[in-house]
Amino acid sequence: MRLTLCAVGKLGATTENSLVKDYLSRAGHTGRGLGISPVELIEVEARRTKNLTSGQLKAAEADAVREAVDSGILITCDERGELLTSRKIAERLEVYKDRSERRVTFVIGGADGLDPALRSQSAFSLAFGPQTWPHALVRVMLAEQMYRAITLLAGLPYHRD
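Residue numbers (the working numbering): 1 to 161.
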């Protein structure tokens with residue numbers, strides 16, 4: 001199974017981006033024995049034109065996500081999504097792995113959020129709480145949770161046990 005983190009926007013050479021890459025690298029090393037490919041990071045940009053409404057911009061970003069990730073299970077990150085424990089995220093990934101899903105992609109939208117049509121295409125939406133988080137930190141938190149889920153699936157010690 002291939003795991004992907006797809007985000008609208010580019011972080012560049014930032015501390016947050018270094019953390020994301022570190023967690024995704026760790027996830028790839030740990031997941032290898034489980035049949036999980038190295039985790040891919042895809043950053044997309046919508047084709048911007050002047051005078052786009054928020055809805056039009058979200059639709060353009062959703063199109064860019066669909067172009068970048070052409071198949072598989074989508075999991076969107078959205079403030080209206082489910083509040084899941086790390087174990088529950090791991091359990092859901094295990095179901096996809098056991099079903100031999102080829103790709104599972106976590107999607108983080110742009111500054112205006114996700115297009116409703118893209119959210120409706122997702123298997124589920126994941127929330128990181130009711131607070132507003134900077135996109136760079138959401139990427140770090142999501143990358144860490146992807147890594148944590150893989151370590152749980154690998155049976156590594158978990159401090160909550």
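No lab work stands behind these hints: they were computed from the structure.
What you are looking at is a predicted structure, and each value in this text was computed from that prediction instead of being measured.
No residue lacks a Cβ here, since even glycine has one placed at the ideal position from N, Cα and C.
Careful: at least some of the hints might be erroneous.
As the list claims (entries may be wrong) - DSSO-like, lysine-lysine: derived pairs with alpha carbons at most 30 Å apart: (1) K10 - K50; (2) K50 - K97; (3) K21 - K97; (4) K10 - K97; (5) K88 - K10; (6) K10 - K21.
As the list claims (entries may be wrong) - The following label-pair restraints were derived from C-beta to C-beta distances: (7) S120 - S18: 26 to 36 Å; (8) S120 - S37: 22 to 32 Å; (9) R80 - K10: 24 to 34 Å; (10) T53 - Q121: 20 to 30 Å; (11) K21 - A127: 18 to 28 Å; (12) A127 - T14: 19 to 29 Å; (13) D22 - P134: 13 to 23 Å; (14) R32 - A117: 30 to 40 Å.
Quick rundown of the hints versus the structure:
Our distance criterion of 30 Å between C-alpha atoms is met by K10 and K50, whose separation comes to about 20 Å. Between the alpha carbons of K50 and K97 the distance comes to roughly 42 Å, so the proposed pair goes past 30 Å and is violated. Taking the CA atoms of K21 and K97, the gap is near 23 Å; set against the 30 Å cutoff, the hint holds. Our distance criterion of 30 Å between C-alpha atoms is met by K10 and K97, whose separation comes to about 29 Å.
Proximity of K88 to K10 is assessed by CA-CA distance (about 29 Å); at most 30 Å being required, the pair is judged to hold. This hinted pair checks out: K10 and K21 have alpha carbons roughly 13 Å apart, not beyond 30 Å. Checked against the hint of 26 to 36 Å, the C-beta distance between S120 and S18 comes to roughly 34 Å, which is consistent with it. Between S120 and S37, the C-beta spacing of about 27 Å keeps the proposed range 22 to 32 Å intact.
Range check, R80 to K10: Cβ separation about 26 Å, and the 24 to 34 Å hint holds. Range check, T53 to Q121: about 21 Å between beta-carbon atoms, so the 20 to 30 Å window is met. At roughly 24 Å, the beta-carbon separation of K21 and A127 lies within the given 18 to 28 Å, and the hint holds. Here the CB-CB span from A127 to T14 is close to 24 Å, well matched to the stated 19 to 29 Å.
D22 and P134 have their C-beta atoms about 18 Å apart, which keeps the hinted 13 to 23 Å range intact. Evaluation of the 30 to 40 Å hint for R32 and A117 yields a pass: the beta carbon distance comes to about 35 Å.
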